[in-house]
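Protein chains: 2
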Amino acid sequence: MRQFAVVTAIAAALALSAAAVAGAAPKVAPPAMTQAELEKRFDALIDTKDMDGWMKDMASQPNHVGSPHDKANAEYMLAKFKAWGWDAHIETFDVLYPTPISETLEIVGPTPFKATLQEPPIVGDTTEHAMAGALPAWVAFGADGDVTSDLVYVNFGMPDDYKALERLGIDVKGKIVIARYGAGWRGLKPKLAQDHGAIGCIIYSDPAQDGYVQDDAYPNGPARPPHSFQRGSVADMPIYPGDPLTPGYGSTKDAKRIPIAEAKTILKIPVLPISYADAQVFLSQLKGPVAPPSFRGGLPITYHVGPGPAKVHLATKAEWTNKTIYDVVAVMKGSQYPDQWIVRGNHHDGWVYGASDPLSGNVAMMSEMKAIGTLVKQGWRPKRTLVYASWDAEEPMLLGSTEYAETHAVELKAHALIYINTDNNGRGFLGVEGNHDFQRMVNGVANDVIDPEANVSIGQRLRANLMVDAAAPGANGQAQAMGKLAASDRDLPLGPLGSGSDYSAFLQHLGVPAINFGFGGEDSGGGVYHSAYDTYEHYSRFVDPGFVYGGVMAKTAGRMVLRVSESELPTQRFGDFADTVSTYLDEVKGLANSRRDAAEAQERLLKTGAYRLADDPHRPEAAPAFEGRVPFINFAPLDNSVDRLKRSAKAYDAALAAKGGGLSADKVAKLNTMTRDIDQLLLDDVGLPFRPWYRNMVYAPGRFTGYGAKTLPGVREAIEERRYDDAARYVGITAKVLDAYSDRLDQATALINGN
Amino acid sequence: MRQFAVVTAIAAALALSAAAVAGAAPKVAPPAMTQAELEKRFDALIDTKDMDGWMKDMASQPNHVGSPHDKANAEYMLAKFKAWGWDAHIETFDVLYPTPISETLEIVGPTPFKATLQEPPIVGDTTEHAMAGALPAWVAFGADGDVTSDLVYVNFGMPDDYKALERLGIDVKGKIVIARYGAGWRGLKPKLAQDHGAIGCIIYSDPAQDGYVQDDAYPNGPARPPHSFQRGSVADMPIYPGDPLTPGYGSTKDAKRIPIAEAKTILKIPVLPISYADAQVFLSQLKGPVAPPSFRGGLPITYHVGPGPAKVHLATKAEWTNKTIYDVVAVMKGSQYPDQWIVRGNHHDGWVYGASDPLSGNVAMMSEMKAIGTLVKQGWRPKRTLVYASWDAEEPMLLGSTEYAETHAVELKAHALIYINTDNNGRGFLGVEGNHDFQRMVNGVANDVIDPEANVSIGQRLRANLMVDAAAPGANGQAQAMGKLAASDRDLPLGPLGSGSDYSAFLQHLGVPAINFGFGGEDSGGGVYHSAYDTYEHYSRFVDPGFVYGGVMAKTAGRMVLRVSESELPTQRFGDFADTVSTYLDEVKGLANSRRDAAEAQERLLKTGAYRLADDPHRPEAAPAFEGRVPFINFAPLDNSVDRLKRSAKAYDAALAAKGGGLSADKVAKLNTMTRDIDQLLLDDVGLPFRPWYRNMVYAPGRFTGYGAKTLPGVREAIEERRYDDAARYVGITAKVLDAYSDRLDQATALINGN
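Read top to bottom, the protein sequences are chains Y and A. So my numbering is basically just the index in the first sequence, starting at one, shifted up by 81. So my numbering is basically just the index in the second sequence, starting at one, shifted up by 81.
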């Protein structure tokens with residue numbers, strides 16, 4: 082492992098650039114080759130047997146942050162990357178990472194019970210022989226604590242669940258809550274619990290979500306076994322990801338840390354995950370109102386909300402010290418635009434063995450690297466610089482990628498054209514999210530990669546699936562619209578990016594456009610998510626036997642990389658972005674209107690006493706609290722900016738289509754420069770309310786969804802959270818960034834059209 | 082008990098009329114009293130303590146058809162009715178009723194298991210001391226049989242479930258199926274199973290429908306306990322209800338019977354119901370494909386569809402002899418229109434103790450009878466004749482009411498103005514179905530009966546509930562439309578009548594307009610439905626403590642009876658009927674269009690191979706079979722008839738509103754005669770396809786819903802079942818009956834407007 086001394090972000094940037102230049106020097110002159118020929122040669126170099134072998138090695142021992150095998154895996158990759166001809170190094174950061182010292186979870190009464198906080202080995206599975214060093218039941222960045230109180234069941238622990246509990250007269254103040262996984266990001270559950278006054282939080286995996294309700298439990302099938310639990314991070318990611326002690330800058334060895342007590346992303350209450358076998362014992366000791374229908378999971382009990390009579394003792398203690406993490410970064414320098422970087426990443430740390438999450442994506446990425454290395458050895462050379470990264474410490478809070486992006490912010494902003502991310506991979510249909518100016522490029526790739534299950538392109542297969550879903554009885558309006566789109570010759574839309582993987586810092590903090598994708602819908606990998614049973618055996622039996630979709634992922638990501646890197650002209654089509662932003666604006670306006678209507682309807686119901694009249698005196702429920710009227714908001718600035726954006730984008734697209742082929746080399750270079758960082762214009766330094774780290778005014782993870790995206794977040798969340806002054810303010814800020822975007826487009830159009 | 086020798090239907094009719102005249106002679110001249118005063122006096126005579134006492138007596142022993150207590154209950158009522166001043170008698174019929182001799186249900190392998198076919202006693206419940214003579218696990222009118230085969234799980238056993246199984250490659254031919262209760266009428270499950278070639282059928286109560294998923298199990302709560310099962314009838318009711326051996330005529334002692342082998346409503350395969358405790362053992366021994374999401378219930382297992390490896394042995398044997406049933410009929414003769422009858426009914430036979438079903442409704446009806454009897458003793462006298470009936474043998478197949486209606490068809494058609502039905506009652510909100518010309522009358526009643534839980538009218542409370550439901554997050558379009566309607570001053574709609582209680586023969590065979598209602602939404606009576614635990618203790622603890630809604634039911638039904646009976650002018654408003662039929666026509670046309678669109682979409686998908694492309698090779702599913710294109714249907718005859726009906730109805734309503742008050746006594750009498758039987762004009766003697774017993778061209782139970790209504794059934798079901806010639810034919814037949822209806826309305830309008 083190469084030790085990498087980082088002094089400042091800028092110095093590091095220079096160092097990286099230098100390394101990139103040195104490492105990727107071509108050995109022979111590149112042969113003339115069309116893009117199609119290049120991709121064909123690339124495809125031929127993708128070998129799923131490689132992936133199988135790499136996963137077997139890398140998933141053989143626990144590889145969570147701080148484990149010996151995590152570091153060993155970094156070194157394993159480093160050696161390979163170098164051998165494949167990449168200029169590779171390991172970049173380390175020292176991040177706060179709490180390691181569990183002790184956990185206690187028990188029912189102290191009426192019927193005492195001690196929770197099992199270990200996952201039992203399964204015969205024939207990696208767990209049979211490699212459990213030494215595996216993390217117990219554990220979530221990162223809950224607080225140390227030792228609490229005892231009555232238990233309350235809060236369903237998914239999401240805002241609507243607390244509203245339902247309030248109507249039932251249930252308060253969690255001073256109580257320990259038990260929430261089930263699902264419906265929102267893990268970390269929101271304890272955060273909302275603590276916001277409501279709870280003193281501890283248990284999270285369990287209900288069989289309705291990923292257990293026997295879905296499929297046979299492992300090892301008979303892919304679903305979660307009774308004693309399996311989901312580890313994970315509960316840091317308050319929607320404030321900022323990365324090291325809680327270095328918000329907005331890299332946690333390099335000598336970086337200044339804020340005190341732990343000041344770190345806003347660390348929770349204040351203890352949290353533990355448990356299995357459904359254990360949860361059943363806890364939940365069946367609850368009385369109080371029968372849980373509303375939406376609260377009921379798949380356990381063979383009548384769900385009650387409590388509080389109590391089950392009284393629970395929950396205690397956790399961790400070692401709150403810095404740990405070293407190992408990002409493996411490899412560079413292949415570009416021949417024509419060495420200063421334009423295509424960044425491609427996947428993390429390598431898991432919660433236990435991490436076969437599916439993250440190694441399935443990581444081995445696909447390795448396969449791309451081996452293929453590109455071979456192409457380079459054969460004399461080919463990318464036009465732009467390729468930067469491949471296998472991140473460490475994604476699981477605890479996107480640490481490896483965030484600290485890297487924060488450390489190298491200046492150079493990334495100056496050079497990165499796009500960040501292409503994968504994470505765990507499954508089997509079935511392409512799911513892809515990203516900046517919408519790359520929608521055309523992604524569709525082009527999807528139309529060319531062949532799906533070996535169906536022998537059509539992955540795009541065609543996805544369209545078939547959307548059409549079948551739309552034809553299913555009971556398909557909703559959105560499914561039907563997608564089916565219609567899929568049957569047309571229009572491009573399929575990209576989803577917007579929220580968070581939950583390593584693109585976050587690139588997209589939302591630096592403004593570098595990002596794409597994240599994977600395959601799914603046929604695998605059943607969710608049943609072992611973040612458990613010890615996410616093993617090579619489980620993966621190769623149930624998720625992607627033969628690494629068929631590992632190969633598809635490598636070919637898809639490789640094509641994205643190679644198309645952006647090799648294209649003479651910019652690959653973006655901005656009309657797609659403008660049209661999409663326009664639909665987001667429609668959504669936001671519709672949201673305000675529907676909220677207004679709902680508030681009016683609710684006010685009417687409250688005034689007429691309808692809630693009281695409809696109430697069952699034997700199971701009383703209070704009327705919902707009135708949340709206030711919704712004022713009319715001035716959307717005109719955004720209407721104008723979006724209107725302009727559409728015109729500017731279409732003018733650019735038309736100009737490029739008409740004249741792009743005939744531009745001088747100088748103009749092409751200038752055009753590439755003008756469009757490379759255009760998506761960075763979507764940032765505003767003021768950031769989003771309560772969380773200035775998030776600066777992208779079009780794409781953000783939701784404050785109360787965590788993973789799920791909120792588009793036009795400054796405006797949308799202000800309406801959702803009834804901050805109407807913020808809504809008006811962010812209409813202006815968002816309009817401003819879109820105007821800057823249009824300005825840049827207009828300049829580019831002028832360049833194309835000019836003499 | 083009075084022995085009643087019935088010779089022919091007409092003779093019986095004469096006998097009944099004579100008895101009615103004799104029995105209800107007024108003792109004193111009726112005092113002048115407004116309708117409001119009458120209803121106030123009536124209300125004051127409703128005593129919920131009476132109901133409590135009667136239920137305690139009548140539910141103290143098993144009271145199914147053929148049990149000593151069933152007959153005793155008839156005699157108990159007869160004595161009371163007579164004491165209350167009614168001209169009452171017991172009318173008997175001799176009906177085919179199979180009594181169980183032996184049942185066997187076991188898994189013969191791989192892991193043998195014998196099903197428990199008895200419900201265990203519960204301490205403190207009637208089951209603790211009165212189980213002698215209770216029926217075991219049993220459904221009436223399955224075939225005797227002794228079969229052994231592999232088991233297949235068919236979900237609810239409805240047509241869509243068989244389509245899903247077909248796509249999975251699962252055939253039930255020669256197999257025994259296990260279906261769960263719900264989603265369609267019980268009897269359809271074995272019938273569809275036998276239609277698909279199955280040789281036996283098990284039906285179980287999944288906890289998702291009425292067990293622990295819904296609430297705590299009895300005795301801790303109202304829901305179904307693990308070893309409880311649902312008895313019931315599985316006769317092929319959609320062909321005809323009543324005695325299988327006397328289709329269309331009364332099963333009087335000497336009536337000619339068809340041979341059992343020719344009775345189309347008796348199934349050909351053996352059927353048994355089981356508990357979810359037992360079902361779990363059966364289902365967990367199935368392999369084969371994992372059941373699709375819609376198949377998954379609330380048991381803590383992964384549902385598989387099979388077939389096998391569980392091999393099941395099912396044997397049932399019954400005594401197929403005639404049993405005597407006991408309808409208790411009581412008459413209070415009318416003073417002004419003695420030949421116009423208001424018929425009011427509820428059945429008295431249960432499956433075990435029948436506290437909720439049917440005694441909760443029966444005791445409310447008894448309370449009405451006692452109150453009316455007292456009013457008569459106090460000198461009041463109804464204007465029209467009241468006929469109250471407590472039917473026997475509703476449970477096995479609406480036997481008591483159907484045989485009565487068939488026996489007395491001529492006099493009922495000649496005299497009955499309306500049939501008002503109740504059955505089991507719950508707690509909460511009014512649910513009411515009926516002929517739509519009575520919608521105004523029903524709304525008037527609903528606006529005047531006070532709900533003691535909310536201290537507003539039951540109509541207002543229902544409106545409040547509809548508004549609250551509409552405001553709930555995720556409320557669908559229909560809920561929102563209902564909320565809007567509820568907030569307006571327009572009347573609430575009646576639901577259309579399908580089947581499942583004693584109104585069927587009146588409405589669908591004789592054309593007598595019917596109303597059926599009850600209260601629900603707050604009780605949790607479903608958990609013991611047709612089980613031994615439907616006891617007085619369960620009912621008074623969980624369903625309607627204090628018989629609060631028993632009182633409300635009596636006041637509601639009583640008002641309906643008294644308003645129709647006492648009104649000078651007809652109570653119908655025909656515009657409501659016309660408008661409703663118009664929406665049904667819109668629905669039927671929409672159905673044809675959406676079926677056509679779906680068929681086109683499916684054909685496209687099949688042609689493009691989308692199903693194949695979207696298929697998971699590891700869990701293959703065949704493309705659905707193409708069911709053929711949907712031709713355009715000539716709806717013009719119905720369009721014209723409905724258009725005319727709307728004009729005719731509105732002209733009548735307007736004429737009556739303008740001039741009704743000033744009509745001569747002679748005209749009023751004529752008008753009452755013209756409108757009394759107008760709804761009988763909705764019949765056509767040709768009946769519905771495959772089931773000529775059902776003659777009403779506007780209202781019918783669905784062939785494949787059983788209980789659920791199909792409106793304009795000749796047309797609607799023909800489209801649903803792709804019988805397009807029938808669709809065209811029934812457009813004509815339905816138009817014809819509506820024209821006859823319009824003719825009658827026009828005559829009545831001419832009468833009102835004439836000089």
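Take the hints with a grain of salt, since some may be wrong.
Any copy, or any two copies together, can satisfy a pair, since identical chains are not distinguished.
Stated by the list, open to error - Listed next, the in silico SDA-like pairs over lysine to any residue satisfying Cα-Cα at most 25 Å (straight line): (1) Lys688 x Ile531; (2) Lys404 x His277; (3) Lys337 x Arg644; (4) Lys565 x Ala245; (5) Lys161 x Lys565; (6) Lys161 x Thr455; (7) Lys161 x Arg803; (8) Lys670 x Gln561; (9) Lys398 x Lys565; (10) Lys130 x Pro698; (11) Lys688 x Ser538; (12) Lys345 x Gly512; (13) Lys731 x Ile814; (14) Lys464 x Arg803; (15) Lys688 x Asp550; (16) Lys404 x Ala490; (17) Lys244 x Ala211; (18) Lys398 x Pro340; (19) Lys688 x Ser569.
It should be emphasised that the hints constitute simulated quantities derived from the structure, not laboratory data.
How the hints compare with the structure:
In this assembly of identical chains, the alpha carbons of Lys688 and Ile531 lie at most 25 Å apart only when taken from different copies (21 Å versus 60 Å within one copy). Proximity of Lys404 and His277 under a CA criterion of 25 Å is satisfied in neither setting, with 32 Å inside one chain copy and 65 Å between copies. Proximity of Lys337 to Arg644 under the C-alpha cut-off of 25 Å is found in neither arrangement, the shortest distances being 40 Å within a copy and 86 Å between copies. With identical chains, the CA atoms of Lys565 and Ala245 are at most 25 Å apart between copies only, with a shortest distance of 24 Å across copies and 37 Å within one.
For the identical chains of this complex, Lys161 and Lys565 are neighbours neither inside a copy (46 Å) nor across copies (67 Å), given an alpha-carbon limit of 25 Å. Taking the closest pair of Cα atoms, Lys161 and Thr455 come within 25 Å of each other only inside a single copy of the chain (12 Å); across copies the shortest separation is 99 Å, beyond that limit. In this homomeric assembly, Lys161 and Arg803 never come within 25 Å of each other (Cα to Cα): the closest approach is 53 Å inside a single copy and 65 Å across copies. In this assembly of identical chains, the alpha carbons of Lys670 and Gln561 lie at most 25 Å apart whether taken from the same copy (23 Å) or from different copies (21 Å).
For a Cα distance limit of 25 Å, the shortest separation of Lys398 from Lys565 qualifies neither inside one copy, at 54 Å, nor across copies, at 55 Å. In this assembly of identical chains, Lys130 and Pro698 lie within 25 Å of each other by CA distance solely across copies; the values are 21 Å between and 65 Å within a copy. For the identical chains of this complex, Lys688 and Ser538 are inter-copy neighbours only, at 18 Å across copies versus 58 Å inside a copy, given an alpha-carbon limit of 25 Å. In this homomeric assembly, Lys345 and Gly512 never come within 25 Å of each other (Cα to Cα): the closest approach is 33 Å inside a single copy and 54 Å across copies.
Taking CA atoms no more than 25 Å apart as the test, Lys731 paired with Ile814 passes inside one copy only; the shortest distance there is 23 Å, against 59 Å between copies. Neither within a single protomer nor between protomers do Lys464 and Arg803 lie at most 25 Å apart by alpha-carbon distance, with minima of 49 Å and 62 Å respectively. In this homomeric assembly, Lys688 and Asp550 come within 25 Å of each other (Cα to Cα) only across copies, at 16 Å, whereas the closest approach inside a single copy is 43 Å. With identical chains, the CA atoms of Lys404 and Ala490 are at most 25 Å apart within one copy only, with a shortest distance of 22 Å there and 90 Å across copies.
In this assembly of identical chains, the alpha carbons of Lys244 and Ala211 never lie at most 25 Å apart, being 44 Å within a copy and 46 Å across copies at closest. In the homo-oligomer, the alpha carbons of Lys398 and Pro340 lie at most 25 Å apart inside one protomer (18 Å), although the nearest pairing across protomers, at 80 Å, exceeds that limit. Proximity of Lys688 and Ser569 under a CA criterion of 25 Å is satisfied inter-copy only: 15 Å between copies versus 49 Å inside one chain copy.
Going through the hint list in order, the structure does not satisfy hints 2, 3, 5, 7, 9, 12, 14 and 17.
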